[in-house]
Amino acid sequence: MSTEADYQPTPRSTPTRYRERARYDRRTVHRILDEALICHLGYLSGGRPVVLPTTHARRGETLYLHGSTGGGPVLAARAAAAAGAGLPVCVTVTLVDALVLARAAMHHSVNFRSVVVLGDARVVDDPAEKSRALSRLLDHIAPGRAADCRAADARELAATGVLALDLAEVSAKVRSGPAGRRSAGPPVAALGRGGAAAAERRPAGAGAGPRPGRSAARLPRVAATHTCRCRSRAGRVLSHQVPTSMTANAQAVPSIQPESTSLR
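Take the sequence shown: its position 211, counting from 1, is numbered 211 in UniProt numbering, and each next residue is one higher.
Keep in mind that the hints were calculated from the coordinates and are not lab data.
Take the hints with a grain of salt, since some may be wrong.
Unchecked claim - Computed beta-carbon distance windows for the label pairs:
no. : residue 1 : residue 2 : range
1   : S176      : P53       : 24 to 34 Å
2   : D120      : R27       : 22 to 32 Å
3   : A159      : P11       : 38 to 48 Å
4   : E129      : R27       : 24 to 34 Å
5   : E35       : C149      : 19 to 29 Å
6   : A158      : V96       : 28 to 38 Å
7   : L44       : P15       : 17 to 27 Å
8   : P88       : A142      : 23 to 33 Å
Idealized CB from N, CA, C, for every residue including glycine.
Hey, can you work out the whole structure from these sequences and the hints?
Shown next as structure tokens:
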């Protein structure tokens, strides 16, 4: 249900697939923007799309984007301003919470939280606003850092560009949980940021997996442990006995220790 605190959906901010994952409440959007360290800024340059990574920071309902006065986005925004318009942009951030493995190849997925912001960006020229924006950008990277740093001098300020984008046409999208209903086979676990790779969760001594179409999340728990195995980026196989009460989320997967150098 929409409230006054929600961002209003538009045709551009409404997903074409998995609309049930969309979020428009400001609390969700703000938390994702504030947690993400890097954003991607998309705009048109010479009639062709360009997407660049950069740092960002939110102050109220304004998103500030770091840049250079000689960089493409700032130059494009100045050209748009000279024509009496803002620079049409699309800014995205994504947080990867877990990798999700499934028995079927096409049902592998990622648990994520993302935000898409659409609008017209402007160059921040007002000295006071620019100073506040740069402090916010520093504190976004490391809280309290702006107070611990030497303030930028005139030359540094002249070389640094800042774009501002109003948070008006905004949407978030969130996926969580295990693999989907149609992923035939035993349940799988999602391994979060603390692990080396995604791990498959298989009940010890379990027989055949769930019938096609049955949700893995509805499988009864068994009185045993699960063997969690995965391969690290260095090629080592890691194994750990996991209690059956483990749930498929990033926080539930314990630390795992090397077991052998080949999969069994």
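Evaluated hints:
Separated by about 25 Å at the C-beta atoms, S176 and P53 satisfy the suggested range of 24 to 34 Å. Judged by the Cβ atoms, the range 22 to 32 Å given for D120 and R27 holds: they are separated by roughly 25 Å. For A159 paired with P11, a C-beta distance near 39 Å keeps the hint of 38 to 48 Å intact. For the hinted restraint 24 to 34 Å between E129 and R27, the CB-CB distance of approximately 25 Å keeps it satisfied.
Restraint check, E35 to C149: a C-beta distance of roughly 22 Å satisfies the suggested window 19 to 29 Å. A hinted range of 28 to 38 Å for the beta carbons of A158 and V96 is consistent with their spacing of about 37 Å. Taking 17 to 27 Å as the suggested C-beta distance range, the pair L44 and P15 conforms, at roughly 23 Å. Range check, P88 to A142: Cβ separation about 32 Å, and the 23 to 33 Å hint holds.
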